[in-house]
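**Student:** Assemble the complex: chain D is given as a structure, and chain L must be docked to it using the hints.
Listed here are the chains, written in short residue letters.
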Amino acid sequence: MNRHLLSSGDLSRDDAILVLDTAAEMDTTLAGRSIKKLPTLRGRTVVNLFFEDSTRTRTSFEVAAKRLSADVINFAAKGSSVSKGESLKDTALTLEAMGADAVVVRHGASGAPHRLAHWIRGSVINAGDGTHEHPTQALLDAYTMRKRLGHVDGLSVAVVGDVLHSRVARSNVLLLATLGADVTVVAPPTLLPVGMSSWPCQVSYDLDAVLPKADAVMMLRVQNERMNGGFFPTIREYSRRYGLDARRMAALPERSIVMHPGPMNRGVEIAAEVADSVRSTIVEQVANGVSVRMAVLYLLLGGPTDSDASLGEGEAR
Amino acid sequence: MPAARDRSGPEHARPVTGDPASARTVLDAADLSRALTRISHEIVERNHGAGDLVVLGIPTRGVPLARRIAGQIGGIEDRPVPVGALDTTMYRDDLRLRGVRALELTEIPPTGIDGKTVVLVDDVLFSGRTIRAALEALNDLGRPKAVRLAVLVDRGHRELPIRADYVGKNLPTSLTEAVHVQLAEYDGTDAVLVGPADLGRAASAGAADGTAR
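Protein chains in written order, with the working numbering: chain D, 3 to 319; chain L, 4 to 216.
Only chain D is shown next, with the shape it has when bound in the complex (with noise of 0.2 Å):
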């Protein structure tokens, strides 16, 4: 595995099924605990450098970098120098001096994580960029699917909505199809990105085509606030066409889950009776977020760093 975690599409098999066993372990090792940390990372420190609006990722990271003992700084554009007119690489080489390990980023700007990757010498974690890449979360879900369906390898999987402004959409058909899963994107023609032959998955406008052979349905969020223009006539058209409802749900077949990376527009991509039914794997997604970052932070950070280098060979026993 590389140095930093910048897109799914870097992650070979091995390297995808070993961040999958290692969060699965993490599970086990810290279920029914009451002291639900581990040693490993003491004195790393993490950065969560988060120019963008989160919740459950930055949190998660968090949680994550928390429970294996890492020192956790929380960095927001808002309230920083950035509002003052500093650049991305003058924030980055700050945090660089003061030691920073690991650098988890969320910007606006897609690939702005790749740039940041050539001026910092600790790992770069992609927490999302732009409308490009969110890698982990492609890793939680199909850590998910596995847990729920006991494997990914085979399965059929079919990614709903808004796929042009979506990063989970990309991140997850790049990870899923490296794990040999059978993808269909199912979208509006005007939510679909050019050069989508160049994806390894299939492309469908029918959603009630897809649904009766999909194990797994993932459905994203209409992302209104990067729209600047008609993407679909309306809402509430967008919705009976390409949205989840209970007559839909039914149409699956019997062991079908149903996923959303969150946060929800209910009533417009997914109705409210099929997010709270039992198929919905919504709030487990969050749950395995934690369990997968902890994999990616300790497979990224356990080992030797730059700053260990002072220790050298001579002292290795």
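Everything labelled a hint here was simulated from the structure, so no lab data went into it.
All figures in this text were calculated on a predicted structure; none of them were measured in a lab.
Where is the CB? At the ideal position from N, CA and C, for every residue including glycine.
Accuracy of the hints is not assured; some may be wrong.
[Claimed, not checked] Below, a list of computed lysine-lysine pairs in the DSS-like style, where the Cα atoms sit at most 30 Å apart: (1) Lys39(D) / Lys86(D); (2) Lys39(D) / Lys172(L); (3) Lys91(D) / Lys68(D); (4) Lys148(L) / Lys38(D); (5) Lys91(D) / Lys80(D); (6) Lys38(D) / Lys215(D).
[Said to hold, decoys possible] Derived CB-CB ranges, DEER-like: (7) Ile37(D) / Leu163(L): 18 to 24 Å; (8) Glu162(L) / Thr30(D): 27 to 33 Å; (9) Ser158(D) / Ala32(L): 47 to 53 Å; (10) Arg15(D) / Glu110(L): 25 to 31 Å; (11) Ser71(D) / Glu188(L): 31 to 37 Å; (12) Ala187(L) / Ser14(D): 56 to 62 Å; (13) Pro164(L) / Glu256(D): 56 to 62 Å; (14) Thr30(D) / Glu188(L): 37 to 43 Å; (15) Glu110(L) / Ser206(D): 39 to 45 Å; (16) Leu163(L) / Leu95(D): 56 to 62 Å.
[Stated by the list, open to error] Here's a subset of chain D near chain L, in silico, CB distances under 7 Å, partners left out: (17) Glu27; (18) Thr30; (19) Thr31; (20) Leu32; (21) Ile37; (22) Thr42; (23) Leu90; (24) Thr133; (25) Gly304; (26) Gly305; (27) Pro306.
**Tutor:** Okay, now just chain L, sitting in the frame of chain D:
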């Protein structure tokens, strides 16, 4: 994570490497079975029965040894003995020197360990660092009444003030040697071998458990 590259999953069945011809057998299957039987009886004797016993194996090869010992104690005392596994990876002190390793199974019996006598089981006792990590892991899991240590082979060279309560065989070794424990569960046969250290493996991140140095 440079060292994770060649460790793509839990290594449940790492084969014994090195030149088998140059390794000599120290315990054969019958010896190994007798050693475990003796350890089981000693545990029962010193614990005055199987009451409040919990047997925890340290992965990889400590786990089947723990199951066999718990099974034998259960047979002697005619009652089931709780048995589980305790992975020490997250508590190791050499992760930053050798790189991360895949995690192994942790399985604590539902009875828990509070107020119990925990018997830790490992295949080879060497530097004592794995046992230190296991003691720290136990500390986060609860408060046992007492912790005992049973090992199949004690090969010396301790780096910490740790000793075993129950030893299958004391085996004086040189640091240039490696002790390989083979168990039917993983290797198809029961045996303890001593041979020259496999240099390729000693240098790798996976060398820290009991089978090598």
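**Student:** Against the structure shown, which of the earlier numbered hints fail to hold, in ascending order?
**Tutor:** 1, 2, 6, 12, 14, 16, 20, 23 and 24
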